[in-house]
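S.K.: Going down the list, the sequences are from chains S, D and A. If you're matching positions, the first sequence starts at 1 in the working numbering and goes up one per residue. If you're matching positions, the second sequence starts at 1001 in the working numbering and goes up one per residue. If you're matching positions, the third sequence starts at 2001 in the working numbering and goes up one per residue.
No lab work stands behind these hints: they were computed from the structure. None of these values were measured; they are calculated from a predicted model. Where hints are given, some of them may not hold.
Stated by the list, open to error - Okay, the calculated bits of chain S under chain D, using three or more residues with CB under 8 Å as the criterion:
#1 42 to 53
#2 208 to 221
#3 229 to 242
Unchecked claim - Ranges of calculated distance between the beta carbons of each label pair, as one might list FRET restraints:
#4 D/Cys1562 / A/Gly2030: 54 to 62 Å
#5 D/Asp1518 / S/Gln77: 37 to 45 Å
#6 D/Thr1110 / S/Tyr132: 49 to 57 Å
#7 A/Arg2111 / D/Ser1299: 38 to 46 Å
#8 D/Glu1148 / A/Gly2030: 43 to 51 Å
#9 D/Arg1095 / S/His38: 21 to 29 Å
Ideal Cβ placement from N, Cα and C applies to all residues, glycine included.
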Amino acid sequence: MLTLKDYVRAESLTQAYELNQKKSNRILGGMLWLKMTHLPVQTGIDLSGLRLNTIEETPDEFLIGCMTPLRDLELHQELNRYTQGAVRESLRHIVGVQFRNLATVGGSTFGRFGFSDVLTMLMALDTDVELYSGGILSLAQFAAMAPDRDILIRIRIKKTPRKSVYLSHRNSQTDLPVLTCALSGCGSKFQAVIGARPGRAVRIPDEQRILSEGITSNTADRFAEYVSRQIVTGTNMRASADYRRHLAEVLTRRAVLTMGGERL
Amino acid sequence: MKYVNKPIRKMDAMALVTGKPVYLEDLPDAGYLIVKLLRSPHAHAMIESIDAWTALAVPGIEAVYTWEDVPEERFTMAGQTWPEPSPHDRLILDRHLRHVGDPVAIVAGTTEKAVDRALRNLRVNYQILPAILDFHEAKDNPVQIHPEETWESLVPVGADNRRNLCACEKLSEGDIDQVLAECDVVVSGTYHTKANQQAMMETFRTKCFLDPYGRLNIVSSTQIVFHVRRIVAHALGIHKSMIRVQKPRIGGGFGAKQTAVSEIYPAFVTWKTGKPSKIVFTREESQIASSPRHEMEISVRVGATKDGRIRGMDVYTLSNTGAYGEHGPTTVGLSGHKSIPLYGALDAFRFDYEVVYSNVMSAGAYRGYGATQGIFAVESAVNELAAKLDMDPVHLREMNMVREGQAMPAYYGEMNTSCALDRCIAKAKEMIGWEEKYPRRILENGKIRSVGVGMAMQGSGISGIDVGSASLKLEDDGCYTLAVGAADMGTGCDTILAQIAADCLECDLDRLTVLGADTDASPYDSGSYASSTTYITGKAVEKVCDSLRQKLLTEAAGVLSCPTAELCFQGQEILQVEGDAKISLADLAARSQCGCEASFQAVESHFSPVSPPPYMVGMAEIELDPETGAVELLDYVAVVDCGTAINPNLARVQAEGGIVQGIGMALFEDIQYNSHGRMLNNSLMQYKLPSRLDMGRLRVEFESSYEHSGPFGAKSIGEIVINTPAPALAHAIANATGLWFKELPITSEKIAMGLKQRK
Amino acid sequence: MKVGIYVNGKKIATDIAPDLLLIDFLRNHGCKSVKRGCETGNCGLCTVFLEDKPVLSCAVPAARADRCQVVTLEGLQEEAAEFGAFIADQGAEQCGFCNPGLLMNAIALFRENPDPAEDEIREYLAGNLCRCSGYEGQLRGMRTYLDFKKGGKTGHEVCE
Chain S
1 MLTLKDYVRA
11 ESLTQAYELN
21 QKKSNRILGG
31 MLWLKMTHLP
41 VQTGIDLSGL
51 RLNTIEETPD
61 EFLIGCMTPL
71 RDLELHQELN
81 RYTQGAVRES
91 LRHIVGVQFR
101 NLATVGGSTF
111 GRFGFSDVLT
121 MLMALDTDVE
131 LYSGGILSLA
141 QFAAMAPDRD
151 ILIRIRIKKT
161 PRKSVYLSHR
171 NSQTDLPVLT
181 CALSGCGSKF
191 QAVIGARPGR
201 AVRIPDEQRI
211 LSEGITSNTA
221 DRFAEYVSRQ
231 IVTGTNMRAS
241 ADYRRHLAEV
251 LTRRAVLTMG
261 GERL
Chain D
1001 MKYVNKPIRK
1011 MDAMALVTGK
1021 PVYLEDLPDA
1031 GYLIVKLLRS
1041 PHAHAMIESI
1051 DAWTALAVPG
1061 IEAVYTWEDV
1071 PEERFTMAGQ
1081 TWPEPSPHDR
1091 LILDRHLRHV
1101 GDPVAIVAGT
1111 TEKAVDRALR
1121 NLRVNYQILP
1131 AILDFHEAKD
1141 NPVQIHPEET
1151 WESLVPVGAD
1161 NRRNLCACEK
1171 LSEGDIDQVL
1181 AECDVVVSGT
1191 YHTKANQQAM
1201 METFRTKCFL
1211 DPYGRLNIVS
1221 STQIVFHVRR
1231 IVAHALGIHK
1241 SMIRVQKPRI
1251 GGGFGAKQTA
1261 VSEIYPAFVT
1271 WKTGKPSKIV
1281 FTREESQIAS
1291 SPRHEMEISV
1301 RVGATKDGRI
1311 RGMDVYTLSN
1321 TGAYGEHGPT
1331 TVGLSGHKSI
1341 PLYGALDAFR
1351 FDYEVVYSNV
1361 MSAGAYRGYG
1371 ATQGIFAVES
1381 AVNELAAKLD
1391 MDPVHLREMN
1401 MVREGQAMPA
1411 YYGEMNTSCA
1421 LDRCIAKAKE
1431 MIGWEEKYPR
1441 RILENGKIRS
1451 VGVGMAMQGS
1461 GISGIDVGSA
1471 SLKLEDDGCY
1481 TLAVGAADMG
1491 TGCDTILAQI
1501 AADCLECDLD
1511 RLTVLGADTD
1521 ASPYDSGSYA
1531 SSTTYITGKA
1541 VEKVCDSLRQ
1551 KLLTEAAGVL
1561 SCPTAELCFQ
1571 GQEILQVEGD
1581 AKISLADLAA
1591 RSQCGCEASF
1601 QAVESHFSPV
1611 SPPPYMVGMA
1621 EIELDPETGA
1631 VELLDYVAVV
1641 DCGTAINPNL
1651 ARVQAEGGIV
1661 QGIGMALFED
1671 IQYNSHGRML
1681 NNSLMQYKLP
1691 SRLDMGRLRV
1701 EFESSYEHSG
1711 PFGAKSIGEI
1721 VINTPAPALA
1731 HAIANATGLW
1741 FKELPITSEK
1751 IAMGLKQRK
Chain A
2001 MKVGIYVNGK
2011 KIATDIAPDL
2021 LLIDFLRNHG
2031 CKSVKRGCET
2041 GNCGLCTVFL
2051 EDKPVLSCAV
2061 PAARADRCQV
2071 VTLEGLQEEA
2081 AEFGAFIADQ
2091 GAEQCGFCNP
2101 GLLMNAIALF
2111 RENPDPAEDE
2121 IREYLAGNLC
2131 RCSGYEGQLR
2141 GMRTYLDFKK
2151 GGKTGHEVCE
């Protein structure tokens, strides 16, 4: 049960930031996760009056406002063209359309949740976050930080020419993922991102340049095995560490083969 | 027949699809006290002290009740015919707490926020006791879950609270050990099913108020109005005549509401304070402190000759009833009595069982009621037997399945009077393309397609026990009012009973008003469970129509001055067969209101000494990914023998709904406890019900036998429908992978890692 | 705090607690069709339109809906009766508790896409749970309704 003593629709980011410095205050995103906590909140800060719910495209970047609902991201034609449909694939299993009309990109990213499909996907791209106080930093850097009192204003995805694939495994179609896997390649540089380990997404670049030799069944196997050895997996309600490691290998291999043009 | 066996729309359908306010929480309740419960955080504990000072001081709090405020009379919450087989082992609030979630205190206040605050302000000191969380360790464990002197078992079910035993029984016919020793092939295995939640969309909720006569009125989302009246009377120590129980539209039950899960708390508050009160369980409470299926471990041995004659079956069930007895003694019997009889002409069988207490939430009634667990075990064993015999599992069943006309020694000694199981399996086989698809096919991309089969049975009412009644009144415009005590929980039984009545009375359906269950106004009915409504209450409806027709004929004979034998009842009028005399029903009814001493009302009750089983065959086709272990359900085919389907639409949807629940049980719905006895699947986020994306094509057909003891040849369908998916899917997975899974749910991890290990 | 929310076209101006959820606001103002089924946003029973988009009213603070248009099934009665009749003719409404949320979300789908394929229907409605019907009958009803709207073959069984 969420309790709020006060609700403020912020009129500026400055106001929102100042209010957010108080420990008992909270920025309200889609509120789906916040609602499940039992922490009493003094003031809920609503950013929905600040026009941060759009996706803008420039020649070089996609600029996604923090209040953009996941559903808008899912349906965004250009973003999906840029990622060969990977963005849509990363989002379509998340509970339901009504849920995704509320859950925000900012909320999903700021939370840095282990189970986050969104985080896994964004990490595979050239993604920066723009913070009110902290400025612009890479998503990878941001994800490694602990949550603080800053405000995430927007996500910036550089339109570096790349190929993308997203795969995941879950115990039932609308469940939280047991493992997430995003793969992107730019020229001969590839990187895999594995999330829901159950820990948060981590990036595994192809440092040994296995895939730069080209995508074949053999290089796919080798890279997949490499990735599965790099990650730390754990056991929770949904799956065991061993199974997650096994899935990391399977999904990475499939992602590589898909990127190489094979229809799986 | 104008209505029976026709797909008639439910009478409440349009109200439901347009969102009319017909459920309990939609009814006006301004000024009702909000009632909530403080629940034990410990699996096993004694309350040392409760300090309610601060809680009582919260503005708006009307009362805080603890174990010291409640009567000392133990009762059961189980909805069963009196005297209940369930032990009387509950108090409204107990000092001794027996599972995480067991109520510690009742708080009543004027607003939800006040009550929440008061709950947070209750200070309780617990003495933590060692908890029995593994039901294998329960029997004869020095830790006693019900050591109290006041524990009582009214019916000999083999209960012994000092041994943590809630029930036990041994039954056999023939020398099973000898027979199995003689068999060429014996399959043995131990199967484990978990405490699945019904998870109906509307959680438990009850409202109470005192009427102008000071009687306690209970309006509840319940399947068992008459049992609730008795349970609450007993718990409060007041006379049953002081209680009235009604039900509004219910948002699903599936047996969950065959236990009085929520009623006693607002009943106690209202009785003590004189003020109206209500309780609405959260989804979390409905997950952790409700009435789920009994966890069972079932050991099966099946033996056959090498040419496929199944000669013997040996079943032992260990059932976990949890903290309280409730439906413990009654569900376990079906695990053997409604599985073994699927196979006729056994030379021997044995069925032993034990039901134990443990420190997890008390189990209750969930569709299938023990048969589901037993059928998973027996059908899986038979499928494995077929593999060992190198026989087609459908053919093995065709050879050994029970047939119409056979005696069923394992089914309470009853005769099989109606059975189309052979036609069901033949049709299912054809629908899914069994011959072409059995056992499996490996696709080019490495995925595996396979099929699996499961047969099922259930009962129709409880033989010699369940009572259904109906009263029928002719209104002064020639219309009828039909009052039943059965509870429509969305299944449409109100409509089905009206269909039966309309055909018996030869009238249009819209001339019938059906009154729902109300202990003051309805004739007695055990309640909507045990698949009894169509078969038992439906027969009572048939009988009462006949009774009223007779009364009307007799009265008409007087009015028309001719012998009853010369008259014929023809729906809206009664006429002389040979002659001109006639009178309309409307005229006859109008006469009853002036200078008349005949009453145009009849009431009839019915019970049946037998419980003719419905039968069903389910076949599943899956596509399995051997690397991830993912199972995609491509097609599920089911053929049902429910006798005559009174309403084919509703029967079909019952089947489809049950199948999807069964799919959930087989593949997705897991129950996990942490080491402190806390149930982790405490929400719909953690307890995954099948969504629209988790099933493929579903096809249901009917092959009807005709059961003469049922209304228009009907048997039942309410429960059997959940019984085929678990064995059929386990079989399909075994055919795909060679791995015979014996514990549910069969997750993708179990499949993938099982295959990996085998490499 | 004061809010003015347009519910089914009518403005409701009133004082609310800051943490009042939209579902409770709506139910308190007579929209009893909006149902609560869980606490985690998984069941879809509470689906309403907020500025024309289907959302979970259990996760929206009423304050966020200030000056916004909210539509519940109470405001779509004609469409609900017409569409719902096809579900009713399958017997697939069953207990009915999931119906309002389902119809709201289905209507949202049909507005976005008047001719959805079966896969598209399942995916769009994945967040609407039903425990009674097994989903298949609801799909049959929707297919028949969509055919009817297209003006093609009805296959609509007219029942009493």
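S.K.: Tell me, which hint numbers fail for this structure?
M.R.: 1, 2, 5, 6 and 7
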